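Visitor: Here is how the chains run, residue by residue.
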Amino acid sequence: MEIKTTETGDINVIEVAGHLDTNTSPDAESAINTLIDAGAQKVLINFAALEYISSAGLRVLLATAKKLKASGGDLKICSLNDTVQEVFDISGFSSILTVSNDQDEALASF
Amino acid sequence: MTVSASKPVILAVDDTPENLDVVKGILATDYMVKAAINGQMALKIVEKAPPDLILLDIMMPGISGYEVCEQLKANPDTRDIPVIFLTAMEQTTDEAQGFELGAADYITKPVNPPILKARVRTHLALKQSMDELQSAYAIIKKHSDRMEQELNVGHDIQMSMLPLEFPAFPERSEFSLHATLKPAREVGGDFYDFFFVDDDHLCLVVGDVSGKGVPAALFMAVSKTMIKSQATDDPSPASIITRVNDDLSADNPASMFVTLFIAIVNTRTGDFRFTNAGHNPPYILRGDKLECLDQRHGPIIGAVEGVAFREDSAALGLADTLLIFTDGVTEAMSPAEQLYSEARLEALLANAKDMPEALTGRIIDDVENYAAGAEQADDITILAYRVESQSDASEVQTLQLSAAADLKEIERVNSEFEEFALARNVPPGPVQKVCIVLDELLNNIISYGFDDDESHEISVDVAVYPDHLLVEVSDDGIPFNPFDRVGPDITLSLEEREIGGLGVLLVTEMMDDYHYQRHKNKNSVTMTLKLQD
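Residue numbers (our numbering), protein chains in the order written: chain E, 1 to 110; chain S, 1001 to 1533.
Excised from the complex, chain S in its bound form (with noise of 0.2 Å):
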């Protein structure tokens, strides 16, 4: 293509060097002509240097101007040059010949040269509309592989953040899990995790980040890596969620979002405490009975900075199982554009009875043969968690205490804790160990937790477990932390130990598990005790 400030060059090829100097003459102004007085010559001109359009006479020795047009027309490189026949052959049939093999125009002779500089310049400017199409076309073309690339990209950076090994905690035979997430070619962010956050509990999450490509897929690699950071130190959904929303919105310039749906669930006793956030809501199969987890605890997340999610608890029973999805499931299309819809899926899952791997796979199928090959719009995640076997309940006793701040209120909560404990045949090595937890964490708690001369109320929980103790005790004063302190230096001598300290010391070191949250305006700090057999 020549789009330049030069001439257009123009081919006049003709056997008969004065009507060639004829069409020099009209077009010698406004065009740069080069002649050629034969096919031969014509085609190594052209070969050479390709003109921007070829005045071409059809009866000439050698080759014919049909023939060199042919030629023209095969190769790639020529076959876009517009040619316009030049004959003084009037005779019907032969332009239609020419037509066929791709000329452009067909002008007689004797030339008449307003007709032939219109004609010129009228090829000339299809031409170069022609050129600007394609090339527009190869920029598009070449941005519409680019962002092809980079959804494979987005993809590949998904991928790589889920967990895909199954089972995937084969040691723990108290529950079986399965997740899958079929990726869509165009839209999608979905991820899903479960990771444990202490021994017995298990975190649960399936979220759908907006919009597609890397910046999603970078998005969700981020909302997902803040989840599980919050969550190993704060037992509460909504607490998690409510500090993620502030991190994710505090610096979102792209203004994406994620919905979520997050369960905690105590794999013990398959209790669960869970958040939604904008997300569609969840089933629980419960042998023959389905239910719709519908509760919502907030908007979707990086959105709005400073919401307060919520939270719900709800159990699961042996054999139950927690369904968690996207909507990449219910809205998947068929070919008729309907969409799958919660209405089959709730069809398929009632009476089901398979284990997670086969019922997410069996939903999967679901959708795909309702599909029936009409293209995946949005990703399809599947998060399946069942109760396998369960502490029988009566298995498990709780003391339930509260206290004034006041520091002897300490000795009545020991000894009630202490009688009850010992009641039901927990060893008195364990009961000790309690005694002098509660002691330092009440002492704590009445002498420093309070700045106004309001009345509180401190809680503590026991629950006895055939194996363990589980001890919560929650206060509703100032924020405070007591594991965030550094513990005292035990290598001083006599004259130099201070005292100070050491009470965190003995919890954090009696005991075998230790948490503190704040959470709805209390400080909570739970701790488990294993008891030897």
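Excised from the complex, chain E in its bound form (with noise of 0.2 Å):
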């Protein structure tokens, strides 16, 4: 997995690669932390390179979405392959996160 953080303006957009499963979500979480600790309330995760993600990966999507949303900001998600929507689709996670077909439109819903 690899993960590449950017800002555009005050959304910060974190592209997540490879798989995020039991092994690679505890490092996601450290880095999606480690943006919030410092003080970001909107993020994108951007998943265009994402082949995979397993409950591993959505346990951290939920803890990111709810920590998020506590503190009054938010969390979107864009770009799934087809394999990552059918999760989203079997978790029911497409009706809780909010997720969009691409970056642009992903950045507009904010």
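Among the clues, some could well be false.
[Unchecked claim] With a cut-off of at most 20 Å between alpha-carbon atoms, the simulated EDC-like pairs for lysine to aspartate or glutamate come out as follows:
#	chain 1	residue 1	chain 2	residue 2
1	E	LYS67	S	GLU1496
2	E	LYS67	S	GLU1498
3	E	LYS66	S	ASP1489
4	S	LYS1408	E	GLU2
5	E	LYS69	S	ASP1145
6	E	LYS69	S	GLU1496
7	E	LYS66	S	GLU1495
8	E	LYS66	S	GLU1496
9	E	LYS66	S	ASP1080
[Said to hold, decoys possible] Which chain E residues stay away from chain S? Per the calculated CB distances, all over 12 Å, these:
#	residue
10	GLU2
11	LYS4
12	GLN41
13	LYS42
In short, the hints are calculated from the structure, not lab data.
The model shown is predicted, which means the values in this text are computed figures rather than measured ones.
Beta carbons: idealized from backbone N, C-alpha and C, even for Gly.
Hints are included, so try docking the two chains, each in its own frame, into the full complex.
Guide: Quick look at the structure:
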């Protein structure tokens, strides 16, 4: 897994590549927490380069979304491949998280 | 018949009143004596209330004693009443005529009182014995009728439990299957069964229940039902039979038992696993070769609780036939009471190229010819399964991996699987799904599956078929069926959502088929994922 973070205005964009699973999720979680601890409020996770996500990755997304919502911020997600989309649909995450087709659409939705 | 506390009734028939008085005088203390002074009157009295014995004069006006006797013997209601002729005549020809007409005895007049008493007593006792015999016979007849009826009910139950429609799976072209059961009149509780446990696995069962009639049929019905219900979530014949045996032995007051052969065949590859529980060994017909599957995996079923049955595996090639049968075939008797025998069956099977239906029919015909009308002593059951087409083994590619109980191992397993699958042109979508599923299952097993500090090995077997993936994950951890748990509520809002249970939900939703089994102290999860073209 590789994580790249950039800023577009007041929005922190996190690009996650590879797998988000048992072994990689703790690293992803600490990277995201570092951003939030530094004051990030609007977070967009771009999954364009993510191959698959397991429940360990979903747990990180759920924790992040709860944390941001509690502090008045927001988490948005974009660019799911078919497999990740299916995982989101099965788990119900499609309806509890804001998911956009691409980054531009996601940025405009904040 | 008058077997009662009241005195036996004697009818004395004589046209001379004085003679009647003499007889009355001799017999009145021990018997109730009725009198008739001619044949017509005698017949009327007999018709109204049959006496226990008749003393009959021969020479009478009107109807003679002979004629009276003749009429009594012609009537089923009266023919069993003993008749003793009383006559003054002493010619032996008369005696002979009387006996011919069915008389019980002859007494000459003048009557000697002790002789008359003795003869009457003897014939009444004889008559009573006859009556008792007859009522005993009636009771026996009634019981045997009932037994016959029970045997019929048993057969009806037995036959109603069998799948009788062939072809049983018209949509399946990779195999052909036929089974037949020819019930014996008396003993017999044979059965057969076949059903799919999943898309590719067909369970074949042939059994022989001890005993006969309704109890055997009911035991057969229970056994068959138990096997089917256990087999639906368990792909191991040994484990199915172990559980069925425990259930049947636990509550078996009649001490009945059943011998069983059960096989679970992968209809795609022809591979099968089988357990033989006290049953006669089946055959595999491989072209010119005949192979006897003589492995035994445990005792008869229903006798002893707690037996762990074993299993073996074997493989059927293209056009090979698995022939399972009961000992009604090999133990069929010729009129000279010689057994049909394994040797005769093997001679018939050598070089047999018949399709299952023709083959079972040919065996039945041969056994019938051999028996040549001798009564069939036991049910005859034959089931034949033949491979008609096979997935080319070279089209199936397998990968076997093992992992230590360490979460870090998941990454290695997944990357090895990914490399293997992509190199074999499995599309990325299915590869990703299997990676997710392996991540979930291995994480569960490694995190919660072991309650000791020993080192454990988890094995992951993958088979890539042209149109599907087969993945099996097994471990020697604590018994745990991941599919037993209730899934999470995915309709809750963000704040209410918990993360637990999502992993198993992903497995069950993304895989096309999944099974759990506990077998030989191992947990094993088997999954199928179809590959779209």
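Visitor: Determine for every hint whether it applies to the structure shown.
Guide: Cross-check of the supplied hints:
A C-alpha spacing of about 13 Å is found between LYS67 of chain E and GLU1496 of chain S, which places the hinted pair at or below 20 Å, so the restraint holds. Restraint check for LYS67 of chain E and GLU1498 of chain S: satisfied, since their Cα atoms lie roughly 14 Å apart, inside the 20 Å limit. Taken as a hint, the LYS66 of chain E and ASP1489 of chain S pair is honoured in the structure, with Cα atoms around 17 Å apart against an allowance of 20 Å. Proposed proximity of LYS1408 of chain S and GLU2 of chain E is supported: the alpha carbons are some 17 Å apart, at most 20 Å.
The straight-line distance between the Cα atoms of LYS69 of chain E and ASP1145 of chain S is roughly 84 Å, outside the 20 Å bound, and the hint therefore fails. Using a Cα cut-off of 20 Å, the hinted pair LYS69 of chain E and GLU1496 of chain S holds, with the two alpha carbons roughly 13 Å apart. Using a Cα cut-off of 20 Å, the hinted pair LYS66 of chain E and GLU1495 of chain S holds, with the two alpha carbons roughly 6 Å apart. With a CA separation close to 10 Å, the supplied pair LYS66 of chain E and GLU1496 of chain S stays within the 20 Å bound.
A C-alpha spacing of about 104 Å is found between LYS66 of chain E and ASP1080 of chain S, which places the hinted pair above 20 Å, so the restraint is violated. Residue placement check: GLU2 of chain E keeps its beta carbon more than 12 Å from all beta carbons of chain S (closest about 14 Å). Listed as a non-interface residue, LYS4 of chain E keeps its Cβ farther than 12 Å from every Cβ of chain S; the least gap is roughly 20 Å. For GLN41 of chain E, the non-interface assignment is confirmed: its Cβ lies about 16 Å from the closest Cβ of chain S, beyond the 12 Å cut-off.
With a minimum CB-CB distance of about 16 Å to chain S, LYS42 of chain E clears the 12 Å threshold, and the non-interface call stands.
Of the numbered hints given earlier, the model fails hints 5, 9; all others are met.
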